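Fit chain S to the given chain X structure using the hints.
Order-wise, the sequence lines are chains X and S.
Under the numbering used here, read the first sequence as residues 30 to 358, first letter to last.
Under the numbering used here, read the second sequence as residues -13 to 310, first letter to last.
Source of the hints: derived by calculation from the structure; they are not laboratory data.
Note that the structure is a prediction, hence the values are computed from the model and not measured.
Take the hints with a grain of salt, since some may be wrong.
[Claimed, not checked] Partial pick of chain S residues on the chain X-facing surface, computed with a CB cut under 8 Å:
hint: 1; residue: Ser39
hint: 2; residue: Ala205
hint: 3; residue: Leu243
hint: 4; residue: Asp251
hint: 5; residue: Val259
[Said to hold, decoys possible] Quick partial rundown of chain S residues pointing at chain X, CB under 10 Å, derived from the structure:
hint: 6; residue: Val36
hint: 7; residue: Glu38
hint: 8; residue: Ser145
hint: 9; residue: Gly147
hint: 10; residue: Asp175
hint: 11; residue: Ser177
hint: 12; residue: Ile182
hint: 13; residue: Asp188
hint: 14; residue: Val206
hint: 15; residue: Lys233
hint: 16; residue: Ala242
hint: 17; residue: Pro248
hint: 18; residue: Asp253
hint: 19; residue: Glu263
The beta-carbon is built from N, C-alpha and C at its ideal position, and this holds for glycine as well.
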Amino acid sequence: MQTSENILELKGVKTYFSTTKGVVKAVDDISFSIGRGEIVGLVGESGSGKSMTSLSIMGLVPQPAGKTVAGEILFHGEDLLKKNDEQMRQIRGDKISMILQDPMVSLNQILSVKYQIGEVFRYHDKSILGSLKEMCIGVLKKVKVPSPELRVNDYPFQFSGGMCQRTIIGMGIANGPDLLIADEPTTALDVTIQAQVLQLMKQVQEETNAAILMITHDLGTVAQLCTRVLVMYAGRIIEKAPVNTFYKNPSHPYAIGLIKSVPVLGRKSDRLYSIEGQPPNLLNPPTGCRFAARCEQAMPICTQEYPPEVSLEADHQVSCWLFAEKGEQ
Amino acid sequence: MTKEISIEVKGLSKHFPVTSGVIFSKTVGVVKAVDNISFSINHGETLGIVGESGCGKSTTANLVLGLDKPTSGQIIVQGEDVAKLKGESLFKFRRKVQAVFQDPFRSLNPRKKIRHIVSEPLMVHKVGSSWQIKQKALELLELVGINPQRADLYPHEFSGGQRQRIAIARALSLNPSIIILDEPVSALDVSIQAQILNLLMDLREKFSLTFLIISHDLAVVEHVSTHIGVMYLGRIVELSPAAELYKNPLHPYTRALLAASPVADPDVKLKAVLEGEVPSPMNPPTGCTFHPRCPDCKPECKSREHKMHEITPGHFVSCLNFSS
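For reference, chain X alone in the conformation it holds in the complex (with noise of 0.2 Å):
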């Protein structure tokens, strides 16, 4: 691994939630790093812990019933997790910023475009670089929001769910960050916005070098987007590839099964591959791997011990007993 270069990494992060039934591990024990400008798809299913670990890193996991508890995130060798609120408001929306998923709902209805991102300029004291109108204006326009000069005084309602996506990758982008963080940013969009979204979230990349942290469910989205892919299932990262051979070769069960369920375009077959049972609870989950219940080539030891990170090729990782058994002989 590229150590030098990483802009990011977490180390052992736990982030838990106490609730009157008991503790529930949201995140449990996840270390993975992003080199700069990498574009890395965090997938999993609804309860995962892919938002706690954006939450996590970000310092916005909420309080007081959560907690991250233990590990390291370092960002640029400087653990966040050390710092004071103070510090991280430094940091948030100016060295790390987020997207997230419901444009309608992430920008306040009240308040004017012009408004809401000049607030990323006056919370990081840029507005003395120039006019403000002009400067929203300029983030406007690097987005493509059609006629900038005067949708600029519109508010967000007068905005389709689109446009709203955009000022809103564009309030992510305005201060340069290093990293941003893409929090399911087109599951809330029509599919011919959503081209358009991942197309301009691409072109961004590619113009400020930054690099992104796409967390998603939607198995298509990575696809096309990103370069690196960390697979999560019940609290933990299960699996670490590269794009193509986690589509052409995957390894961990689950994520063979996520990528055989989803119905592909053309390919109808009379049924689709579903992997049976549930996600197991995380007040309670079980010692052994997490998926071990509804994985069908379980083994006793499965449900014994978690399964040690294996690595299969130098930046392909799998947590799975089938390959720790392999690595050993």
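Positioned in the frame of chain X, the structure of chain S alone reads:
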């Protein structure tokens, strides 16, 4: 083999008036949510309707269910005109046509046990004694893959996929011949989505059901449907057998939709991306409503409205490029 027509829709329109003002409100415009659409579904077939948000797919579903009255046009379900049904006959009609909605978190009453949810249609229609209804509810739950021992739990104790199974069990309770499914899997995860699609296909086979599936996901629709209709701004722009639509898409919008769907294969890159956004249905473009975004737009497209043309048997398209 003669095919029996289950649902026939002729020139169906639904216009919603847009009003302004509170006391002296007046109509300032009309949203043509569904504008002169026609299609038919044979018994045992599945029609999938795809389109982007606001194209009128769900309004079509509501009209066929009789939940909304059409502005004009006819919906004939097994020989009966749905819009003309009232009172007793509408009540009877509901036994034949059932629905499954998008969000299983909202479509199930959180205060009722699932046993009650599934047996409610039976109680409303007074089918059998209370003991028979009880037994039938358990059978239904078993049929959709829910352990009958969990019948006394409440909906919040189930996951999204299980709740959708319960909603399907409820829809099946009166032995309907037609089920309208409005985005049945879009709230579910990929692996669960596959389970529900398989279940739907099994049930269709077992009870020889007719489905009308509404979805924005072309891949899902293609997988379960025998026929597909593509809607844009309240109109059906292309209607064709499912396999044919994928192999030989004719309307530029269908092609754009196919190209824009991200494929789970890194070697297949996104093709040409459609410019612009869906216009407001309150003020749709003249002529072909797709012309402002169409890559093959001709001058006549802006003024002339097109009718559906049959290109090959069963494959209809509404586009000037294909009308001779």
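Hints, one by one, checked against the model:
no.: 1; hint: Ser39; verdict: holds, 6 Å
no.: 2; hint: Ala205; verdict: holds, 4 Å
no.: 3; hint: Leu243; verdict: holds, 6 Å
no.: 4; hint: Asp251; verdict: holds, 6 Å
no.: 5; hint: Val259; verdict: holds, 5 Å
no.: 6; hint: Val36; verdict: holds, 9 Å
no.: 7; hint: Glu38; verdict: holds, 4 Å
no.: 8; hint: Ser145; verdict: holds, 5 Å
no.: 9; hint: Gly147; verdict: holds, 7 Å
no.: 10; hint: Asp175; verdict: holds, 4 Å
no.: 11; hint: Ser177; verdict: holds, 4 Å
no.: 12; hint: Ile182; verdict: holds, 9 Å
no.: 13; hint: Asp188; verdict: holds, 9 Å
no.: 14; hint: Val206; verdict: holds, 6 Å
no.: 15; hint: Lys233; verdict: holds, 8 Å
no.: 16; hint: Ala242; verdict: holds, 6 Å
no.: 17; hint: Pro248; verdict: holds, 3 Å
no.: 18; hint: Asp253; verdict: holds, 8 Å
no.: 19; hint: Glu263; verdict: holds, 5 Å
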